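A.B. asks: Sequence:
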Amino acid sequence: MDVVSYQLQFPDQVFLVMGNHDTAIIADTDVMKTGKEMNRALKAAMRNCLGDDYQNVMDAMKDYLLSQPIAVRCPNRIWMSHSLPADRFVDTFDMSVFDKKLAPADSLRPEPLYLFTWGRRQSARTLEEFAGRLDVDAFIVGHQPQDQGWRLVEPNMIILASDHNHGCMITFDLDRRYTIDQLVDSIVSLASVA
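Residue numbers are given in the numbering used here: position 102 of the sequence shown equals residue 870, and the series is strictly consecutive.
One or more of the hints may lead you astray.
Below, a list of computed lysine to aspartate or glutamate pairs in the EDC-like style, where the Cα atoms sit at most 16 Å apart [claimed, not checked]: (1) K868 / D855; (2) K830 / D796; (3) K801 / D931; (4) K868 / E879; (5) K869 / D831; (6) K804 / D827; (7) K811 / D798; (8) K801 / D821; (9) K869 / E879; (10) K830 / D867.
What the hints contain is simulated information worked out from the structure, not anything from laboratory work. Predicted, not measured: the structure shown is a model, and the values here were computed from it.
Given the sequences, and given the hints that come with them, work out the whole structure.
C.D. replies: Below, the structure written as structure tokens:
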């Protein structure tokens with residue numbers, strides 16, 4: 769995995785954050801992508817490659833996934849996570865999930881870790897509420913497909929997608945505060961840097 773080598777080489781710049789596929793692996797639940805159940809295929813491939821070592825490797829992988837941060841809160845008040853909870857959970861969301869050691873049960877529905885990695889279609893009210901509760905100015909998330917690589921969700925969230933030929937990334941200085949429009953101007957196509 770190239771991303772792990774980048775994380776080891778640049779530990780203060782490259783972060784892997786918990787995503788919905790991670791919580792599905794930890795909880796041993798199904799996850800669909802493009803009409804296919806991904807975890808069954810992953811487990812079958814691992815069993816085929818690892819044989820008798822499969823369960824030990826799977827347990828180690830779950831431990832590693834649980835060690836990932838749920839999000840990265842930058843000093844310049846930008847929050848990066850795989851997703852945010854959906855609107856219907858904003859008022860009751862348990863913020864203590866950010867201060868505890870995660871356990872496999874946290875990956876189950878409707879636990880806060882699950883809600884934080886599976887949420888979609890957040891309203892302006894939800895974004896403003898979470899910005900206040902988390903004391904941030906802007907959110908950068910993924911999880912929601914974006915045909916053109918990114919989308920601005922007013923008032924303060926950018927959704928990035930990097931899994932196709934229109935994929936995008938964003939670069940910014942951690943020591944500088946940004947408006948959402950300045951962050952949008954910092955989005956670049958992955959094809960332009962390849």
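A.B. asks: Are there hints from earlier that the structure breaks, and if so, what are their numbers?
C.D. replies: 1, 6, 8 and 10
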